[in-house]
Amino acid sequence: MRKLSRREVIKLGAGVTTGAALGSAGMSFATSAAAAEMPFKPEPGARLRLLRWKRFVQGDEDLFEKNIAKFTKLTGVPVRVDHESWEDVRPKAAVAANIGSGPDIIIAWYDDPHQYPDKLIDMTDVAEDLGKRYGGWYPAARTYGTRNGRWISIPWGAAGNAMVYRGSWLKEAGFERFPEDTAGLLKLCRALKKNGHPPGFALGNAGGDGNVWTHWLLWSHGGKLVDENNQPAVVSPETEASLEFARQLYETFIPGTTSWLDANNNKAFLAGKIGLTANGISVYYAAKKGKLPIASDIQHANLPVGPVGRPMELHLLTQMMGMGYSKYPKAVKSLIHFLMSKEQYLPWQQASIGYITQPLKAYASNPVWTEDPKHTPYRDCVARMVSNGYAGALGYASAQVMADYVVVNMVAEAASGTLTPKEAMKRAEKRVARYYRI
Amino acid sequence: MDSDPDMTLHAEARAAPVRVGLWTRFNNSRNLLGWLFMLPAATVLLAFLAYPLGLGIWLGFTDARIGRTGVFVGLENYAFLGDDAVFWLSVFNTVLYTATASVIKFGLGLYLSILLNNRMPFKALIRAIVLLPFIVPTVLSAIAFWWIYDSQFSIISWALVKLGWIDGYINFLGDRNLARASVIAANIWRGIPFVAITLLAGLQTISPALYEAATLDGATPWQRFRYVTLPMLTPIIAVVMTFSVLFTFADFQLIWVLTRGGPINATHLMATLSYQRAIPGGNIGEGAAIAIAMIPFLLAAILFSYFGLQRRRWQQGEEDA
Numbered sequence: 404m405r406k407l408s409r410r411e412v413i414k415l416g417a418g419v420t421t422g423a424a425l426g427s428a429g430m431s432f433a434t435s436a437a438a439a440e441m442p443f444k445p446e447p448g449a450r451l452r453l454l455r456w457k458r459f460v461q462g463d464e465d466l467f468e469k470n471i472a473k474f475t476k477l478t479g480v481p482v483r484v485d486h487e488s489w490e491d492v493r494p495k496a497a498v499a500a501n502i503g504s505g506p507d508i509i510i511a512w513y514d515d516p517h518q519y520p521d522k523l524i525d526m527t528d529v530a531e532d533l534g535k536r537y538g539g540w541y542p543a544a545r546t547y548g549t550r551n552g553r554w555i556s557i558p559w560g561a562a563g564n565a566m567v568y569r570g571s572w573l574k575e576a577g578f579e580r581f582p583e584d585t586a587g588l589l590k591l592c593r594a595l596k597k598n599g600h601p602p603g604f605a606l607g608n609a610g611g612d613g614n615v616w617t618h619w620l621l622w623s624h625g626g627k628l629v630d631e632n633n634q635p636a637v638v639s640p641e642t643e644a645s646l647e648f649a650r651q652l653y654e655t656f657i658p659g660t661t662s663w664l665d666a667n668n669n670k671a672f673l674a675g676k677i678g679l680t681a682n683g684i685s686v687y688y689a690a691k692k693g694k695l696p697i698a699s700d701i702q703h704a705n706l707p708v709g710p711v712g713r714p715m716e717l718h719l720l721t722q723m724m725g726m727g728y729s730k731y732p733k734a735v736k737s738l739i740h741f742l743m744s745k746e747q748y749l750p751w752q753q754a755s756i757g758y759i760t761q762p763l764k765a766y767a768s769n770p771v772w773t774e775d776p777k778h779t780p781y782r783d784c785v786a787r788m789v790s791n792g793y794a795g796a797l798g799y800a801s802a803q804v805m806a807d808y809v810v811v812n813m814v815a816e817a818a819s820g821t822l823t824p825k826e827a828m829k830r831a832e833k834r835v836a837r838y839y840r841i
Numbered sequence: 003m004d005s006d007p008d009m010t011l012h013a014e015a016r017a018a019p020v021r022v023g024l025w026t027r028f029n030n031s032r033n034l035l036g037w038l039f040m041l042p043a044a045t046v047l048l049a050f051l052a053y054p055l056g057l058g059i060w061l062g063f064t065d066a067r068i069g070r071t072g073v074f075v076g077l078e079n080y081a082f083l084g085d086d087a088v089f090w091l092s093v094f095n096t097v098l099y100t101a102t103a104s105v106i107k108f109g110l111g112l113y114l115s116i117l118l119n120n121r122m123p124f125k126a127l128i129r130a131i132v133l134l135p136f137i138v139p140t141v142l143s144a145i146a147f148w149w150i151y152d153s154q155f156s157i158i159s160w161a162l163v164k165l166g167w168i169d170g171y172i173n174f175l176g177d178r179n180l181a182r183a184s185v186i187a188a189n190i191w192r193g194i195p196f197v198a199i200t201l202l203a204g205l206q207t208i209s210p211a212l213y214e215a216a217t218l219d220g221a222t223p224w225q226r227f228r229y230v231t232l233p234m235l236t237p238i239i240a241v242v243m244t245f246s247v248l249f250t251f252a253d254f255q256l257i258w259v260l261t262r263g264g265p266i267n268a269t270h271l272m273a274t275l276s277y278q279r280a281i282p283g284g285n286i287g288e289g290a291a292i293a294i295a296m297i298p299f300l301l302a303a304i305l306f307s308y309f310g311l312q313r314r315r316w317q318q319g320e321e322d323a
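Taken in sequence, the protein lines are chains H and R. So for the first sequence, our numbering puts the first residue at 404; every next one is plus one. So for the second sequence, our numbering puts the first residue at 3; every next one is plus one.
Honestly, the hints are just simulated from the structure, not real lab data. Among the clues, some could well be false.
[Said to hold, decoys possible] Pairwise CB distance ranges, derived in the manner of DEER restraints:
1) R:141 to H:468: 25 to 33 angstroms
2) R:163 to H:597: 17 to 25 angstroms
3) H:631 to R:141: 42 to 50 angstroms
Every residue gets a Cβ at the ideal spot worked out from N, C-alpha and C, and that includes glycine.
Given these sequences and hints, build the entire structure.
Next comes the structure, spelled out in structure tokens:
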């Protein structure tokens, strides 16, 4: 295998950070007659503004624009789309919701709709219709979209994370297939380290990758930040076990992961410095697009199941919110329903190369998940997901705890040996209590 | 209106000269005109400096969230912060960052300015090059440092390994104290040109006659520096270091790009923590309280420079009374 030069790696890393630009998957789709019979019709003379996060893969934006153009053609409703960097959508959405003016539809993240539920259009009819048509919502998607039994937003999908590893190095380590439980994972990591291909998971203040894998680590061992009544519940034997596991896992990591931000693991993996990490599908696509020889060796697997015995994963969930101040609520519902419908969603998902996992069960049969078997693990991300703030409710507190990296810091403290697992979880409990105002 | 015509006449007769007088007086009044000319500047200051500052102070006393005004909660935010280990860590980090970086920037900047003040070939070119770190946008130089400090691709680690001096890559941003040292070094690199070039400007205003006189009196180079250069430079040093301390104290971009405050909040400054809590976290009230908590430190720095460094006696090279 050709070795990568430093310069090439740097270029690649830059490509990964800015988001892999990919050609459209080239799917053709006819404007179906079914689309004309929309269950939600816009008001006459309506016009819409939509704010979304800026795409990570070019195909997403291309197909999104195409779908919007199709909607305008069908209904005559002009739609202006604004793109903002993903971290800027949250504050903008909060301001728009609370001052009561701005885009009619905002596509935001995680707990956003739960911070101003009364400022949003009730989407129950749209969600129920979509659920009926397309095999129902995954439970975690329902949790994110509903509050007190009413739908306040429509989950669009999740940018899923999976284990990304090198197939040949897995075999070399003596494994036929990727381990499905955390005990097996630890064995694999030890073997990988012994062979000089250590794993690496982000432990710096990385908003995406860092949060995703540390929450999985905590939850899959039965630990949680709060209980069902939103009472702090960090201190528990389960949390301690998860941190003890983190400490053992960390011993196998490549040095420096406590400094890793979101892009570091992509760079290190593509350069062949690590044999295993948790990431979105973007590493694979950067390798494929850059025609790197390692592309064929990259493999994916779902995050292993821990002692609790069922998948407990966090993924970057994104949702569409209809803003209550909109003058055209019917048009809002019409557009959201249109974008979520099969005719638009499947080609869009295909063009996004599986970057976004569907919240509706029927879309699991999208060929994007099977045309390349390496995509398949990402298909199940939403099915394996629980919601942020588990086992408590979504809202201000859950959003703040994540933004303040409470879980990432706790795992990093225990893993790196800065604090013992006991001390780390006590400290985290104190921080959690502050946000839940106990 | 049916008032007495005579009265109206009187009133007009009385009013007329006053009206003229006001205009003339206004026209001739340097004071009033001065105020008028200051009005645009004052408006700008009030609208863009005083108002946001006042608003920030107010927000610190509320439980405001992004877009929601919130209600007055008194000192609750500050009480919460007082009990928050991460906040105190950020205070410690900020003081350490500012103190270390400022002292080193001053030392190296002064040294560099004295070097640059000597006669040398390509003087103008060299001075221009020295300014480069200051000209490059912070975010760009921060990204360069991000690569330099990368745990896997660091050029420093790579070179040292190739030279055979070290075995493994240096964990620049992953070890807590090393991370602090690394971000301080990056800040120093960026801040030196400002100190050096400004002090150089100060050096050039010192009359050569003073040095001639000192030389004639038999002063050694050290004595010339200590009793001529330093006292003459003190007013400039006061201004430069005040600015330098303020910039360093409120640094944000460098940290945000390099570490986001990690590892385990070891490099979180008050400014970055304030942003993290206020914008991604949505808690504007607490974010504002952290920002306001920076003010006493900044005031102390300014007061120190004004009442400390600008003392006449110091400037005249005498001991403090």
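Distance restraint hint 42 to 50 angstroms, applied to the beta-carbon atoms of residue 631 of chain H and residue 141 of chain R: 44 angstroms, holds
Residue 163 of chain R versus residue 597 of chain H beta-carbon gap, inside 17 to 25 angstroms or not: 21 angstroms, holds
Supplied distance hint 25 to 33 angstroms, evaluated on CB atoms of residue 141 of chain R and residue 468 of chain H: Distance hint for residue 141 of chain R, residue 468 of chain H holds at roughly 29 angstroms.
The structure shown violates none of the earlier numbered hints.
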